[in-house]
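K.L.:
The listed protein sequences correspond, in order, to chains A and B.
Residue numbers for the first sequence follow my numbering, beginning at 1 and rising by one.
Residue numbers for the second sequence follow my numbering, beginning at 1 and rising by one.
Honestly, the hints are just simulated from the structure, not real lab data.
Hints are supplied without guarantee of correctness; some may be wrong.
[Stated by the list, open to error] Quick look at which bits of chain A chain B covers, simulated, 3 or more residues with Cβ under 8 angstroms:
(1) 42-56
(2) 99-113
(3) 215-228
(4) 262-271
(5) 275-283
(6) 286-294
The beta carbon of each residue, even a glycine, is placed where N, CA and C say it ideally should be.
Residues per chain, in single letters:
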Amino acid sequence: MASLTLKRAAGAWLAALVLGLAASAQAQSPAANPPEADFAKQQQAQQQSQPLNNQPVWKEVRSGQAQTSTVRGRETNVLIQSQGQTWRAARVTVSTALGGLIAALVLVLFGYYFWRGSIELHGAPTGRVIERFSPAKRIAHWSMGLTFVALGVTGLILTFGKSLLLPIIGYTLFSWLATLAKNVHNFTGPVFSVALLIFIFMYAKDNLPKAYDLQWMAKFGGMLDRSGNTHVPSGKFNAGEKGLFWSLVVVVSLVLVVTGYILNFPNFDQTRETMQLANIVHLVAALLGIAMACLHIYMGTVGMKGALDAMRYGYVDETWAKEHHGLWYDDVMSGKVPRGTEPAAPTLPQGRPA
Amino acid sequence: MARMKFLCDAERCIECNGCVTACKQEHDIPWGVNRRRVVTINDGVPGERSISVACMHCSDAPCMAVCPVDCFYKTEEGVVLHDKDLCIGCGYCFYACPFGAPQFPQAGAFGVRGKMDKCTFCAGGPEANNTADEYKKYGRNRLAEGKLPACAEMCATKALLGGDGDVLADIYRERVTKRGKGADVWGWGTAYGPPGQQPAAPAGGAKS
Ligand code: HEM
Ligand code: SF4
Ligand code: SF4
Numbered sequence: 001m002a003s004l005t006l007k008r009a010a011g012a013w014l015a016a017l018v019l020g021l022a023a024s025a026q027a028q029s030p031a032a033n034p035p036e037a038d039f040a041k042q043q044q045a046q047q048q049s050q051p052l053n054n055q056p057v058w059k060e061v062r063s064g065q066a067q068t069s070t071v072r073g074r075e076t077n078v079l080i081q082s083q084g085q086t087w088r089a090a091r092v093t094v095s096t097a098l099g100g101l102i103a104a105l106v107l108v109l110f111g112y113y114f115w116r117g118s119i120e121l122h123g124a125p126t127g128r129v130i131e132r133f134s135p136a137k138r139i140a141h142w143s144m145g146l147t148f149v150a151l152g153v154t155g156l157i158l159t160f161g162k163s164l165l166l167p168i169i170g171y172t173l174f175s176w177l178a179t180l181a182k183n184v185h186n187f188t189g190p191v192f193s194v195a196l197l198i199f200i201f202m203y204a205k206d207n208l209p210k211a212y213d214l215q216w217m218a219k220f221g222g223m224l225d226r227s228g229n230t231h232v233p234s235g236k237f238n239a240g241e242k243g244l245f246w247s248l249v250v251v252v253s254l255v256l257v258v259t260g261y262i263l264n265f266p267n268f269d270q271t272r273e274t275m276q277l278a279n280i281v282h283l284v285a286a287l288l289g290i291a292m293a294c295l296h297i298y299m300g301t302v303g304m305k306g307a308l309d310a311m312r313y314g315y316v317d318e319t320w321a322k323e324h325h326g327l328w329y330d331d332v333m334s335g336k337v338p339r340g341t342e343p344a345a346p347t348l349p350q351g352r353p354a
Numbered sequence: 001m002a003r004m005k006f007l008c009d010a011e012r013c014i015e016c017n018g019c020v021t022a023c024k025q026e027h028d029i030p031w032g033v034n035r036r037r038v039v040t041i042n043d044g045v046p047g048e049r050s051i052s053v054a055c056m057h058c059s060d061a062p063c064m065a066v067c068p069v070d071c072f073y074k075t076e077e078g079v080v081l082h083d084k085d086l087c088i089g090c091g092y093c094f095y096a097c098p099f100g101a102p103q104f105p106q107a108g109a110f111g112v113r114g115k116m117d118k119c120t121f122c123a124g125g126p127e128a129n130n131t132a133d134e135y136k137k138y139g140r141n142r143l144a145e146g147k148l149p150a151c152a153e154m155c156a157t158k159a160l161l162g163g164d165g166d167v168l169a170d171i172y173r174e175r176v177t178k179r180g181k182g183a184d185v186w187g188w189g190t191a192y193g194p195p196g197q198q199p200a201a202p203a204g205g206a207k208s
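Could you put the whole structure together from the sequences, leaning on the hints where they help?
P.N.:
Right under this line is the structure:
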């Protein structure tokens, strides 16, 4: 009696198992999915009619399609990923072309400096100063600028170090330098992205384009007039600075941040294709951005007398404001724009043409 | 001098993953890294084929071309090796490699990559042959012991062949003639270049 119940139970269990297996086989079998079932039928027919021709399988080898693999990991089920070859070739073209552009630009800037010299003031400094950037604005600018330069220098080491530095300093030292560059780059990136957003938020209003900016552009800011007598209208920022703000700071830098994050955090199972694309875009944006930054840094330091004071001390002499940012100067004088806080002590170093 | 190559005969591979296991065992490979893997095309459909894949030791190796610290080198036998002491873990070789060979052990939070690891054709690394240091970084150096790669030696159906490309081609040609099918040599076009420029390409084998 007892054994009969046992037998029945076992039988029921077996039946359930068989049914269950059949059901799961059904679920797994391609027949559950019409296109796959069609493909399976075609393959069956092909195996009979052309047993020696397995073309459908071989077609998939280079397709880059996901296949089946028991080895777990990112894209382990892809046999050949051909886009890597495109990426490899694109890197060479992009880095040679744009690296050459940066080198040429640096030469041009040297040439320009010898031709034009530093842009001097015409009038004598008054000794009265206007606040140009509040401490908060200067901190935002310096944070963004310094992290940008750190990212640019370390990035350039990764891109061009192999051709330019490695032959000189050797494998061991260069590997050490590249490790440092990589780590500095990867940790500075996120800091830069925060500084960038704060900067954009603080400076966007003064950089909105105005009709008079067209006149500045038509004469290229008078930069090609060696006598320095060309007059161009300019608000708090001139058209050149505004252009730089929207191109370098907003577009190029945001592109760098987005692609940089994709490369920086490979733990989200991004595919190789995504990373290859992100890398090329990052490289193009970085090299273009570095070229633009060279122009900007030139003008802000040796290119124009007094420009650096605004970033160092926050104040500029009235004469400088009048000559370089006339419309802003007028607004300050008429009280339309606040003059800013008076400096506690004489801010601009004495005896220097501000 | 022999030019070392891998050849996987898809007519013979039964997807047993013996090669994958042999490799792991031979070199004490850490978790999360597989130097070799088996991929099945059209799994469960008539005509399915399996292929065992690892670093193919390419002729014009893309990994070598893109590495920013130039840490790859090629042995006289055409084996592509790298120096883990120089590697900075940037991942560029992984982007460039068509076969997905370079692997990275996780070295920190957010997926920070450690030193790259890949198949060495059982030929170790730059350290002196079969030293403890070499074993720890790259695994056993079987070529220096006069043996062929462990994966191919272990393969029960002799689908996976590793060794002198000329010899492999001869073996394969004979197989194809005998069975009258399955001439497709997987991956050779990608790894070793177009047929004309490829030493020891099997006659009549379609390249993929
Ligand atoms: C949020 C900001 C950024 C992040 C997260 C970021 C991240 C990265 C990552 C992960 C790489 C790949 C190399 C590696 O692993 O070290 C890279 C490469 C590079 N980055 Fe950035 N980056 C950022 C901003 C910048 C900026 C502002 C510049 C230029 C001024 C720059 C220039 C470069 C260059 C030149 C490379 C080398 C590209 C190559 O050779 O393929 N990056 N960056
Ligand atoms: S298969 Fe990949 S890792 Fe191996 S040599 Fe070719 S590109 Fe380099
Ligand atoms: S991960 Fe290492 S081996 Fe690969 S390209 Fe970068 S430095 Fe070279």
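K.L.:
Tell me, which hint numbers fail for this structure?
P.N.:
Hints 2, 3 and 6 are the ones this structure does not satisfy, whereas the remaining hints hold.
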